[in-house]
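Peer 1: Residue numbers (my numbering), protein chains in the order written: chain D, 1 to 289; chain C, 1 to 165; chain X, 1 to 153; chain Y, 1 to 788.
Just to be clear, a hint being listed does not mean it is correct.
Lysine-lysine pairs mimicking DSBU-like chemistry, simulated, CA-CA at most 35 angstroms apart [unchecked claim]:
(1) LYS32(Y) - LYS77(X)
(2) LYS77(X) - LYS56(X)
(3) LYS775(Y) - LYS189(D)
(4) LYS12(C) - LYS32(Y)
(5) LYS189(D) - LYS145(C)
(6) LYS32(Y) - LYS288(D)
Don't read these hints as lab results, they were simulated from the structure.
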Amino acid sequence: MIPPPFTYVAPQSLPEALSLLQQHGSDAKLMAGGQSLIPLMKFRLASPKYVIDLRKVPGLDTLEERDGHLVIGAMVREAAIEHSPLLQQRYTGLVEASEVVADPIVRNFATLGGNLAHADPANDHPAMMLALRAQIVAASLKGQRHISIDDFLVDTFETSLAPDEALVEIRIPHPPQHTGSAYIKLERKVGDYAIAAVGAQVTLHGQTCTHVGLGLTNVGPKAIRPTEAEQFLVGKQLDEQTIREAARLAGEAAEPTSDLRGPAEYKRGVVRTLTARALRLAAERAQKG
Amino acid sequence: MTQHVQVTLNGKPFQADVEDRLLLVHFIREVANLTGTHIGCDTTSCGACTVLVNGVPAKSCTLLAAQVDGAEIQTVEGLEQDGKLHPIQEGFYEEHGLQCGFCTPGMMLVGKALLEQNPNPTEAEVRHAISGNLCRCTGYVNIVKAIQYAGKKMSAPAPEPVEVK
Amino acid sequence: MHFTGQETINVPMQAVWDFFMDPHRVAECAPGFQSMEVLAPDHFKPKVGVGIGAIKATFTLDVMLENLRAPDHAEVKGHGVAAGSAVDFNGRMDLTSESEHVTRMDWVADVNVSGGIASVGGRLLESTARKLTAKFFANMRENLQKHSSPAKE
Amino acid sequence: MATDLHAFGKSVKRREDPRFIRGKGTYIDDIKLPGMIYMDIVRSPYAHAKILKIDASKALALPGVLAVITGKDLDAYKLAWMPTLMSDTQMVLPIDRVVYQSQEVAAVIATERYIAADAVALVEVEYEPLPPVVDPYKALEPDAPLVRPDHADKKTNHIWHWESGDKARTDQLFNEAEVVVKEHMYLPRIHVSSIETCGCVASFDKVNGKLTVWMTTQAPHAIRTVFSLVTAASAVGQIPEHKIRIISPDIGGGFGGKVPVYPGYVIATAASVLTGLPVKWIEDRSENLQADSFARDYHMDVELAGKRDGTITAMRVKTLADHGSADAAANPSKFPAGLFNVCTGSYQIQAAHIEVDGVYTNKPPGGVAYRCSFRVTEAVHAIERIVDRMAQELKMDPAELRLKNFIPPDKFPYKSATGWEYDSGNYPAALKLAMEKIGYADLRKEQAEKRARGELMGIGISTFTEIVGAGPSHTFDILGIKMFDSAEIRVHPTGSAIVRIGVQTQGQGHETTFAQIVAEELGLPVDNITVEHGDTDTAPYGLGTYASRSTPTAGAATAMAARKIREKAKLIAAHLLEASPDDIEWVDYKFQVKGAPGRSKTMADVAFAAYTNHPQGMEAGLEAVDYYDPPNLTFPFGAYICVVDIDRGTGAVKIRRFVAVDDCGNIINPMIVDGQIHGGLTMGMAPALLEGIFYDENGNIQQGTFMDYLLPTSMETPAWETDKTCTPSPHHPLGAKGVGESATVGAPPAIANAVVDALSHLGVTHLDIPITPWKVYEILQAHGLTEV
């Protein structure tokens, strides 16, 4: 399969990239790793006139803890997250999400930034970012702004980025002490999009849950935050009964449709199961942390 | 519009002016005439087109040639060095790690990259590493053995090359 | 794929009917409408570019109006192709006058997408088709309400 | 010396590997010819539609586009239709209607691959959609739309009816039966999906009128004959067979999907004949999945009758075979349902009656293969599932029921209820070995304990009998060509040899195993023997490689040709040793004078003499040809046991262990046989748990890419455990049976039986494959057994 003709540009700086974006608007597409965009172009389902490759733009490969946040540049590869010693302990859920994106080879080029900006409800990171309450840093020639992940994710393939805006950074607040996170995905086979997946982050004070974040993958037009489940958990002891009720509420929050991955009701059941399992795992890690 | 793409291909400089949209796999197969890299699907699923870009496995059907300008590319043709097979090649030969041979170049390159990070991987580690490459013939059992064979060979002092006729 | 919906329009029923009888104004309600060729009052060929996010396809449609029963019932039938893909649809619209100035529009649509888009984008097809169909009727409501009375050319 | 020459039964390293591990194989897309142009294909988005108009003007306006070929163009040369291997017909390019989604509609010829792809997007086709027929049962309803109105004689979608066995006796046994069990089983469409897709390079030399086609085919000789016949019937005029050369280069996997003639081959060839330029056509994966031949699509109603004590008495099967828009299977012509009537399997069954009806639907044509060409997988699934069903009904252990009903080892050769003569077998030995290896008794204990705790595990058995090596010429032909196969051996003066065979490797290692056969028979080192195949100008005529027939047919031919050479060599040896031929014996890979071990000649000595010093009155040289017509088929068998665990939170099935005991008679190369079994098991597991092609009510394919057609990766594939028993074939010159497909045939019911076994206490009696997590979960939900 052959992509249709287009003009390839690899700007040397962010301002240069942003002015190209402003100049060409919806005729242009930003490319990070290209692992979602290029297949769409090969099927001629996407045919941008300009492909703006960010690979030469300096400063987009940051992966560091800075002013109370973990800061991840738009061009940081999934493989880098997967293998980063910095993340293994305190950002386990994020690492686990990267570990199940597509397959190991795709992860060598796929990026967290691209995964979020593509806004595919089946992608793994949007849900985990909901659980981690991440912020998106968007840049345009007018300047930068911070967008909460909840506001960033608008609909299937739609984000709140303006046509002239680029996602440049993801900021994840430092998890407080006694916080644990997890991402659990059920897929038909390696490389598949999730039948459903759940990301969870839990902060404990003693046995009590003080903060919790949850996100659901591929059970709606976009990644879903099961708000009622989160609210139910806060201030409660994370015993089995509580976890099961939270799982039930998460299942209620899902908006699955029936497709090749199974009937809607099945997916709802999987959401319940994975929510419970993710919460147990996150809580276990929180106690250690 | 065209791009000037300059790479190090199996250790030697290689450059060409190519269409912006040219896929890396076609750059390698059609422009550089190295046909050991194959095409098996349209969806980045099968890994038959796997090459090493700056040492890491990449699916060359899902990269533009322009994207790897300036990079070091290694294909299956670059595994054998001055007439001496790479241990990964010996491993696939010794352990019957291939049948039709179509997925083999990708499998070997992934195996090589794994062994450089992890010289003596467990079966589970090998299975994880090759999970982006489909093989329809072998059932993977002997591919795992082949990569582990190469690992032992590479960590062994002064490896004896096996004779591959 | 089978979709249904309802729009409450703050316009008299006759005006809604007149609007519906004007292919140009109806076509403009199609999401991504680009241009249209009218072959007959009840037969036209609009060109629409539908897309979500990076995915875009331009369909040249062939649309016929059928079983028109003024002033409250109309059906539309159409099909179109984009490179490697095809779309076929049937729509039915029933109008009820809720009050002098308020009309309820109940609509039913059956859509079938086949070919490349279906085989690759299958998992997103239903939600997208539902969204675009609903948008079409929502646009109709908005455009109708823009002009308090139907334009008479 | 003698031991060095021992080649049979050794794990000789593969001779084909050195080129593959260096990336030096030559697959179809690696072939480039001077002046070569490219073809790409416009395909139908509709499953059933009239073609109103094809407007190629925009495509033709694109620089580099040379032509856009339509059905009307081909029709002018009487090439718009072609025969299938089942003597049905199939469109090459449609004139006025398409009958399946992704059907070829037009072909674009351009100077470059990328330009051809652009032009495909510019060809504008106007369709008038017609109601599609998707469900084969609805296809048989009187008011169903006709898929093939071109068949003037047919006013229905019914293709053929086929019966086997004794109906009266079977019905009688069912009436007398103490127990009758019945299940409806559907084996969905699946696709071989070799990692290399199909393609060709067609090159017609206008000067000498010779057509050379490099093609991804498993049967080059048959293709050559078909091409000659097709051109004979066309306005192009017959290209005589000596002017057609079909070359199979290295094949990146076949599994039966590279047996049929696809429209693309014919269009590319026509394009080359018309332009005089070499034309390359390479399918992409979506085309391969959506338009090429499929396997299975069998809807089976299976019944088994027996006594309370567990004696099985009779079997009855009614099947609807969905062939899509053409019967494009590759069965022997007398067997429209292949060898499906081997479905009485490994058991003594007094009578059986089998009915199969072929049906047209608006789906791609076929009914070919998925590493099993002749419907044996369907047969084995039917019997192995229904035997388990019987065990469940009788509350008997499925192993015990099998052991009770197996054909006893001393009853071979055994005539089956449907008339097959099984050559040899020892089924109890294989099953007992498998049970011992996996620790069957302990697993049953563990299962009982787990059930008590509410945990779900299952143990599944499959004790299948294969039927391969087609086949004896009195019964077996394809388009009239008898299903013999061939070998031609030439021994060179200095003691090396070349063997050319009529079969075609796709990864099975023929270049190694056939060299081993010759080495063993002639006492020459394996390294001194070259194996050639796949070029119709040099190799002897053969039907090709599929249905596990290479070793049973061409393997036998190779041994027989070698033995002919040995007979002549013996005379030369006698001449060299100045002894009477009657006093010469073949011992330790050399000719020696009886009782005088010192006086001997090696095959190398004899070979040299054959060209330098042969007896007066004898022809010089040392070569032989053999066309082997097998006296019977061979019947490999095996006993497989699978253990699965089920996740009550997701319905996911995990294969914990899988033990495969195979018996394929004498083994030429154990390493290669194990490789075949590993691959076969994986292709058996895939359709059991992952793969399937389904269509929606509009005939849209639902699994048109590898994103939804789920080939197993290394992570879903278990670490297979294999072992062997050996029951040689009494009629095969090497005692070998063939093994390529055994595991694909035997594995699916073992897995399905394991999952049903895990759920049997809930009253579950059957699950159709693929057994997806949601199917299992819905059962658990119905019994309130889901847990988070």
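Peer 1: Return the numbers of the hints above that this structure violates; sort them in rising order.
Peer 2: 1 and 6
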